[in-house]
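First to last, the protein sequences are chains S and X. With our numbering applied, the first sequence closes on residue 118, and no number is skipped along the way. With our numbering applied, the second sequence closes on residue 921, and no number is skipped along the way.
If a hint is listed, it holds; no wrong ones were tucked in.
Which chain X residues stay away from chain S? Per the calculated CB distances, all over 12 Å, these:
#: 1; residue: L820
#: 2; residue: S837
#: 3; residue: S861
#: 4; residue: D864
#: 5; residue: K865
#: 6; residue: F871
#: 7; residue: F874
#: 8; residue: A879
#: 9; residue: K880
#: 10; residue: I918
Derived DSS-like pairs: lysine-lysine, alpha-carbon spacing no greater than 30 Å straight-line:
#: 11; chain 1: X; residue 1: K880; chain 2: S; residue 2: K62
#: 12; chain 1: X; residue 1: K865; chain 2: X; residue 2: K877
#: 13; chain 1: S; residue 1: K62; chain 2: S; residue 2: K18
#: 14; chain 1: X; residue 1: K877; chain 2: X; residue 2: K814
#: 15; chain 1: X; residue 1: K877; chain 2: S; residue 2: K62
#: 16; chain 1: X; residue 1: K863; chain 2: X; residue 2: K814
#: 17; chain 1: S; residue 1: K62; chain 2: X; residue 2: K814
Derived coverage of chain X by chain S (criterion: at least 3 residues anywhere in the stretch with Cβ under 8 Å from a Cβ of chain S; other residues may be distant):
#: 18; region: 840-852
#: 19; region: 908-914
Rather than coming from a laboratory, the hints here were simulated on the basis of the structure. Quick reminder that beta carbons are idealized off the backbone N, C-alpha and C, glycines included.
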Amino acid sequence: KAGVTQTPRYLIKTRGQQVTLSCSPISGHRSVSWYQQTPGQGLQFLFEYFSETQRNKGNFPGRFSGRQFSNSRSEMNVSTLELGDSALYLCASSPQRGGETQYFGPGTRLLVL
Amino acid sequence: DQQVKQNSPSLSVQEGRISILNCDYTNSMFDYFLWYKKYPAEGPTFLISISSIKDKNEDGRFTVFLNKSAKHLSLHIVPSQPGDSAVYFCAARAGGSYIPTFGRGTSLIVHP
Chain S
6 KAGVTQTPRY LIKTRGQQVT LSCSPISGHR SVSWYQQTPG QGLQFLFEYF SETQRNKGNF
66 PGRFSGRQFS NSRSEMNVST LELGDSALYL CASSPQRGGE TQYFGPGTRL LVL
Chain X
810 DQQVKQNSPS LSVQEGRISI LNCDYTNSMF DYFLWYKKYP AEGPTFLISI SSIKDKNEDG
870 RFTVFLNKSA KHLSLHIVPS QPGDSAVYFC AARAGGSYIP TFGRGTSLIV HP
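Whenever a hint applies, use it, and build me the whole structure from the sequences.
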């Protein structure tokens, strides 16, 4: 069974631009969560989607948004990029909400210049 | 306000010895705890978990201990192997919440 895939793996943007990251969960998994990992803050929860609906949102500004499609694939968008948005963005999927574990993708490394 | 703290950013251990990674939490509502391992350029992978109704859970070389009164948990790896070198994240969930809160991670280096 294929794991969680994220595209692109690396991205360089400049301040003020916007970016869209994509996540394909493991087949059959319906829950997708997004995390931001930075050296100073560790993994911080961004949002969780289940059945195309956002179920939880972390403490991030409205510039961060996401969505989930009917095939469970998810995208997250960051508008008006800031230097501080440079981070590794991780997507995780699980079969249902509150599953025993989440399965993480390799992440998208975003660098904002 | 960090609710899950891993106070040691790094740990160096000799191959064959025990590695002990520590984690403290402040939220008394946390009732489920997880450890993840992360290699460079890969996402975290689940390692082991423990419910607050237990004080110990073992899986092969990995054992997690939970001390609820101290709000402390630890991951023991015995014996440590060079392939265990990775960043280890402690995470905690509160009852009814599906979202884990992560610590900042501890980088373990196991020397041959």
